[in-house]
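Residue numbers (this note's numbering), protein chains in the order written: chain A, 17 to 241; chain B, -16 to 189.
Watch out, some of these pointers could steer you wrong.
Cβ-to-Cβ under 8 Å is the rule here; a few derived chain B residues that face chain A [to be verified]:
id, residue
1, Arg38
2, Phe46
3, Ser58
4, Gln61
5, Val63
Everything labelled a hint here was simulated from the structure, so no lab data went into it.
On a predicted model such as this, the values are computed, not experimentally measured, just so you know.
Don't be surprised by glycine CBs; every beta carbon is placed ideally from N, CA and C.
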Amino acid sequence: MSLFKAFKAVIQRDLLLAYRNRADLINPLAFFVIVVTLFPLALGAEPLLLKRIAPAIIWVAALLASLLSMESLFRSDFEDGSLELMVMTPHPLSLLVLAKIIAHWLLSSVPLLLMTPFIATMLGMDSDVMLILLLTLLLGMPVLSLIGAIAVALTLGLRKGGALLAVLVLPLYVPMLIFASSAVDAAMSGLPIGGHLFMLAAILCLTLTLTPWSTAVALKMSLSE
Amino acid sequence: MKTFLLEARQLTCIRDNRTLFSGLNFQLHGGHILLIEGVNGAGKTSLLRILTGLRQPDEGELFWNTESIENLAASFYQDVAYIGHNNGLKETLTAKENLKYAKALAVRALSIDESLQKVHLDGYQDTLVRYLSAGQQRRLALARLLCTHKTLWILDEPFTSLDKASIQLVEQLITSHVKKGGIVIMTSHHETLFPAELVQKLELRR
């Protein structure tokens, strides 16, 4: 009954579930690719401008794409009653929640990360800038899942939480977006980027330690209705 | 044999400004079944959810082995299993995978094959839950009780969508759990055939 075993079982189950419903994984990724592709079409023949704003496009598209898969974090577990089972274990709920978030991060962010080099090349981004962009995504995408988890947990009781979820979550993403895009900006103009990356890492540490705990509280609140 | 005791003191549940029940007291020792009766909307499910600790009572307190469950917190859940209206099964996992997950989160008891056999689901190990009938899914949820070691079973309408033979089977499983010193709290609209000396009844009146 060890905690580690339970932690592993939660991750394994979520990965297996995702594998069984693989079609659901494609949607956010397709959305990401399509949104990014719309920009060159709308901007017209402006390769320099496109190159300049490419990091911002990719980041905003990644934010929106991650919102699409966010609900799946707890919604189906809530509806079929397996969330109650997860709450009713002797293990600390916050750690099981963390396991679910890790699985969600693996499923939603890793495909996006793998797709980014292709997308970035398509937008004409230089390879050294692209490397920094990937680094900011690597540090920033877990934060998306971590913060999103609180909002999903809070809106579980509502039948249609989708729109409210975006309103709750997007403002909380702002600090991370600012540091991520300023890191890429600095890289483009050849300035040191250490400070920005450290700030991103600090945000990641902060959310990693605090959000599983507050998500657990929010889940218990949603279940006590 | 360790004996168990669940005690409710002055439980009150208010929902939507209506008092469903107030000042509810009972003591339940190991080796007993508590049958909760009442008309629709009398607060049976709310009471069960309070007993699982998922819902806070508006007043009153619950004690598990003389310790308040608020203090016990998560360790209370070592002993409690709950099956609500939903079975808590994943439709796109097989019967075996569902039980394996449940086992990983709790103290093990019977093996997966044995517990499936007990609810007459042997041969369905690798069937996706989606392809099981409603009654089979209900029995699979009950198999979860057998493959994890829990003392207190809290069952909300366990006989829903079960046929006569399955109802009898589940009654036997519940009786044998209680005879081993366990506690079962359940609601049911069906007439039950438990040995009278094991049963306590609690009627919720509006």
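For each hint, the structure was consulted:
Hint status for Arg38 (chain B): holds, given a least beta-carbon distance of 5 Å to chain A, under 8 Å. For Phe46 (chain B), the shortest C-beta to C-beta distance to chain A is roughly 18 Å, which exceeds 8 Å, and the interface hint is violated. At a threshold of 8 Å, the smallest CB-CB gap from Ser58 (chain B) to chain A is about 6 Å, leaving the interface hint in force. A distance limit of 8 Å between C-beta atoms decides the matter here; for Gln61 (chain B) the minimum to chain A is near 4 Å, and the interface restraint holds.
Given the 8 Å rule on beta carbons, the hint for Val63 (chain B) holds: about 6 Å separates it from the nearest Cβ of chain A.
The structure is inconsistent with hint 2 alone, although it conforms to all the rest.
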